[in-house]
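Go by the hints and put chains B and C onto chain A.
Residue numbers (our numbering), protein chains in the order written: chain A, 13 to 309; chain B, 2 to 309; chain C, 384 to 809.
Please keep in mind that the hints were generated in silico from the structure rather than gathered at the bench.
Note that CB positions come from ideal geometry on N, CA and C, so glycine has one too.
All clues stand as given, with none of them false.
Using C-beta positions, here's what the derived DEER-type ranges look like:
1) Pro549/C to Ile44/A: 54 to 62 Å
2) Lys486/C to Val77/A: 50 to 58 Å
3) Arg114/B to Ile201/A: 27 to 35 Å
No farther apart than 25 Å at their CA atoms in a straight line, the calculated lysine-lysine pairs in the BS3-like style are these:
4) Lys506/C to Lys518/C
5) Lys434/C to Lys98/A
6) Lys84/A to Lys668/C
7) Lys802/C to Lys75/B
Output of the computed footprint for chain C on chain A, the stretches with three or more beta carbons under 8 Å from beta carbons of chain C:
8) 64–73
9) 159–165
10) 260–266
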Amino acid sequence: MATSLPLPGQAHRVRPVTPASALARRMLTLLIVHGVLIAGAMFILLPFVWMVVTSIKSPPEIFAVDFSLWPKHFNGVENYGNALSKVPLLRFALNGVIVCGVILVVQVLVAVPCAYALAKLRFPGRTTMFALVLLGLCIPIQVPALPLYMGLARLGLLNTYFAIMMPFFLSVFAIFLFRQFFRSYPDEIIHAARLDGMSEFEIVWRIVVPSAWPAIAAFSVFSLVAHWNDLYWPLIVISDTHLATPPLGMMFFADAESGSNYGALTAAATVLTAPLVIAFLIARRRFIQGITMTGIK
Amino acid sequence: MTAAAAVATSATLPPRNRQQLIERLAGCGFAFPAFALLLLIDIIPLAVLLYLSFTDYQLGALDTHFLGLDNFAKALADPVFRRSITNTFVYVAIVLPLAVGLGLLIAVLLHGRKRTRSFYEVVYFLPVTSTLIAMATVWQFLLHPSLGPINGMLRTVGVHEIAFLSEPAYVLPTLAAIGIWHLVGFNMVLFLAGLSAIPRDLYEAAEIDGCRGGIDRFLTITWPLLGPTTMFVIVTTSITAFKVFDTVAVMTRGGPMGSSEVLLYAIYLEGYQYFHMGYAAALTLVFLVFVLLFSILQTFVLDRRVHY
Amino acid sequence: MKRMATALGSILLAAIVMATGARAEVVTLDVLYAFPAFAKFHEPIAQEFMKRHPDIRIQYRAPAPTYDDGHQTMMREAVTNQLPDVYYSGFHLLTELTHTLEKRKQIVDLGPLLAAEGAEFRKANYSDRILALGKVDGKLYGLPFNASTPIMMYNADLVKKAGGDPDHMPDTWDGIMALAKKIKASGGADVAGIAYNVNDWPDVWLYHAMILQAGGTVVDGKSVPLGGPDLGVKVLDRFRNFVSEAGMPLINWDQSRQQFIAGRIGIFFDTPARLRQVTDLIGDKFTLRSATFPIDNKAKGGLPTGGNAALITTHDAKKQKAAWEFIKFETGPEAQKIVVETTGYLPTNLRAPGSEFLGPFYDKNPNFRTVALQMERSVPWQGYPGGNSVRIWRAQREIITSVMRGDIAPKAGYDQLMKETATLMH
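Same shape as in the complex, but just chain A (with noise of 0.2 Å):
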């Protein structure tokens, strides 16, 4: 690895440094940046507080042309209490917690081995396994739905969890994500833990895996938030409601047809985004832990 440093001495100026200009410098460093993050952060709040505050206005309120931000009714209870009994949303998402959850335990197993086999493993096919994985990637659910369908009917397995989760469990991204990762890992202590006499599987479960952990908790809330969201596939392969996930319940308050309840369907929206950010932050805070741990490499 070589990176150019300069050396102490060579050909880089160095300025002398007063205590007051150093704080004036860094408090200019923080004003932009907290500036730029402020000003990115109410860009992308603005849609999220306008659908938070249109679930509980009435429906008058939603589209009026002096818009303001509290409700002058507030129909909070109304809404949220429409969204939550006139559709067993509830169940929703326990079903989505279900399917999402066997999803990302054997996207994790499938991926991992093989991730480390492609940046790490010199075995014949390797070239060609990574050109299949870039064409994974390629491949929209579209592509599929439709042979994919007519087998899962052929076995009799439609309107089972089984059909939901099935196309999911190989995630290319992810395989491509740890790839990336591990390619980075030094290859030096792989080599002195094979002379200490552990196998490859002990590698990569016991020492590898722990310092891609930063991207294995990334990639567990994008494939969480991913089939959380997912309509495509379960409508494709679901009749039965008992079994749908979060947004065929969001579909019940809204449609081309008869238009939207815009207040329970916001609700709902809320009421099933809040899991999401609830496992993103449960995440973030593995995600730190696990750098505290390797962060000393």
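Positioned in the frame of chain A, the structure of chains B and C alone reads:
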């Protein structure tokens, strides 16, 4: 060669060859489950698709006819399809640099914060968790030419109001902005993961060596070591951008006048609204070839540059 | 001994009776519909039906997002033998679905079932115009469940401000245009006189409505005159005038509806299915009124009818009987009352508007009655021959939007329409 026999023979081989053999076996074994799933979920359906693309299959039809390469010839000459290719490329060209650049910027800015970091991380990640069904209405209202606050702001600044979703010239940039809104938090998390994998002692060593200032540190240490992550973010962002579908399907339905008809939406129309499954299969293959070439190119070019 | 035998015998008899009684089966019907939000009337109707028929259970499958998705699902399920027992097909897709299912013998001809109920029953409950909507090749395959024709909604306050009379709206298009222009002039900044969202409508409905109301012909056997050169151009001209003279905003239909709800559009044309939603969202911001669609040709003018019809797609004889009872109930006055109150649709049952059913509701909510007043103008909504209707509409819509933007002249637009349509019909 059974595993036992392999081990037996390997025990008599010199250590380096034995190591190579173990590597090979482990590699194949580790990659096998993924490979099997790939076959089942992607390769076989692709083969089915390939077969369909040579026919005029319509969903529910009892008989189909073999058409050879007619569907492909039709696709390459189809002005609607060609328009969708252009639209998609424009969309990707806008989304890619901004989603990657802004994601990186936010991650770098956040990496140094301690107290405010979790607040900003959650805020920037929120769009990733949003469901389009609910968000679509929100965006339509926010972007409304006379009712929406965004145009309200434009009017106070003295600018003429813009029909973001209804002016052919503005619709793709608007959808791109929404796409970026959705992706920035995603890329930010990836970059943060990459940044946190850079050992802190490197920074300390650099500082001792006279490396001062944020930008200097960034260029000397952060950027090179972020290489693999950056490559990953670029490739996945461009693939995600190519696959844009949901926002078009829900908000503009390809309009106005086809100016937001992107590749996947055009394919969806052919297959699921006009029911020309055979033709849609051919279009899908053309789409896949495009995206695959693009990403293989990116990967192998960038891979060489970041490998150290 | 004899007493014991009698006792045993009666116990045995009782046991047999109970066993057969317990096997008085409950038939379960698997039902699929489109538009999940319709649960708001499907569920209560099913509850009511199950109360009256304890031996029939209604089970709903996860609803399809739109008619097209439902159609897709049916096609897939026809191939894999997973069809539901009852399905509600959009009228515009009925022909195609029926042809496919008929070839596979997976759909029931409802004609004989209706005939078995007797002529009196039919005459009392269903008008011929309504039944025509569910007929394919002369046979009745679907019993119309939801029906709608476009109606005119308007902001009574803006109309009054412009000098118009909300109780006597013009019933010709020239009259409406004049009023719209006045509304735009007097309404203030950002107020549009009219909105007729043909430029963003998902299907040909609003376009055909303008042609049919003038007595024009859209489809004539294998040819598609689109109203003919005179009317065809006049229609496009009219569309352009909405924008250039009455200030119609060229935005998508959701945004347009939002603007009307906010009180910034005078006259708004829409599907009555949205009436409930629009009424609730307006609240008391202004007085919402509705009137029948203006008809230029009072003798021959018609309106395309949207909506869906109930089909029976099961082979099981017991289920077929149960399904017939169910869809009879659904198209009966009590069920139609529930549908109208929650949406605004046209009731497909002749007895529904009567005083024991919808009468009081209509009196309290006169806007909902409007669509029933134009029931006799309903004509079946035709697709373009050749099976490429959806694609043809998309191409037509682009040309119509160009005309409305002023990019091309109405005459040139009509020529392009004819050309494109002819090309795509092959």
